[in-house]
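Use the sequences and the hints to build the structure in full.
The sequence shown runs 1 to 97 under full-length UniProt numbering.
Wrong hints could be hidden among the right ones.
Stated by the list, open to error - If you anchor each label on the Cβ, the simulated ranges turn out as follows:
| id | residue 1 | residue 2 | range |
| --- | --- | --- | --- |
| 1 | THR26 | LYS64 | 31 to 39 Å |
| 2 | SER80 | ARG56 | 12 to 20 Å |
| 3 | ILE95 | ALA53 | 17 to 25 Å |
| 4 | ILE95 | GLU32 | 26 to 34 Å |
| 5 | ALA50 | ASP74 | 27 to 35 Å |
| 6 | ALA50 | ILE95 | 17 to 25 Å |
| 7 | ASP51 | ASP74 | 32 to 40 Å |
| 8 | GLY33 | ILE95 | 16 to 24 Å |
| 9 | ALA67 | ARG23 | 33 to 41 Å |
| 10 | ILE95 | GLY52 | 29 to 37 Å |
| 11 | ALA49 | ARG23 | 17 to 25 Å |
| 12 | SER80 | ASP51 | 13 to 21 Å |
| 13 | SER80 | PHE58 | 32 to 40 Å |
| 14 | ALA49 | GLN25 | 33 to 41 Å |
Source of the hints: derived by calculation from the structure; they are not laboratory data.
Because the structure is a prediction, the values reported are computed rather than measured.
For every residue, glycine included, the Cβ atom is placed at its ideal position computed from N, Cα and C.
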Amino acid sequence: MSTQETRAYKNRGSHDALESLDRPQTLGTDAEGAVHHHSAYDDRVVVVAADGAIERTFDLSERKLSAYVAFVDDKRGWESLHYAESFGEILREAIDA
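Structure follows, in structure tokens:
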């Protein structure tokens with residue numbers, strides 16, 4: 001995939017934010033019932049409200065995923081969290097530290 005295609009994904013509006021994520025994984029569900037989808041490839045999180053509407057998107061290109069998880073934990077809390085369950089994510093966090 002070229003750099004131009006990656007930029008196209010990052011620059012799309014919230015209308016297709018969830019559909020534009022490349023290789024998304026469900027990060028977890030917060031205490032308000034919103035589901036957080038993360039794509040390490042796109043460096044983004046898309047938050048889908050309990051009613052199915054796109055609530056927000058977060059660009060993580062200058063923020064670690066661990067900081068985002070802590071932010072949500074502080075603001076809303078997590079009902080369920082599937083963070084850092086893969087070795088690749090744990091290794092990536094360790095290298096970036």
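Structure-based check of each hint:
Taking 31 to 39 Å as the suggested C-beta distance range, the pair THR26 and LYS64 does not conform, at roughly 19 Å. With their beta carbons about 19 Å apart, SER80 and ARG56 fall inside the hinted range of 12 to 20 Å. In this structure the hint that ILE95 and ALA53 lie 17 to 25 Å apart at CB is violated, the actual value being about 36 Å. Range check, ILE95 to GLU32: about 33 Å between beta-carbon atoms, so the 26 to 34 Å window is met.
Range check, ALA50 to ASP74: about 20 Å between beta-carbon atoms, so the 27 to 35 Å window is missed. Roughly 35 Å separates the CB atoms of ALA50 and ILE95, a value that falls outside the hinted 17 to 25 Å. Evaluation of the 32 to 40 Å hint for ASP51 and ASP74 yields a failure: the beta carbon distance comes to about 24 Å. The hinted range of 16 to 24 Å is not satisfied by GLY33 and ILE95, whose Cβ atoms lie roughly 34 Å apart.
A C-beta distance of roughly 21 Å is found between ALA67 and ARG23, which places it outside the suggested range of 33 to 41 Å. Between ILE95 and GLY52, the C-beta spacing of about 36 Å keeps the proposed range 29 to 37 Å intact. For ALA49 and ARG23, the Cβ-Cβ distance of about 22 Å falls inside the hinted range of 17 to 25 Å, so the restraint holds. In this structure the supplied range 13 to 21 Å holds for SER80 paired with ASP51, their Cβ-Cβ distance being about 18 Å.
In this structure the supplied range 32 to 40 Å is violated for SER80 paired with PHE58, their Cβ-Cβ distance being about 19 Å. Taking the beta carbon of each, ALA49 and GLN25 are about 19 Å apart, not inside 33 to 41 Å as hinted.
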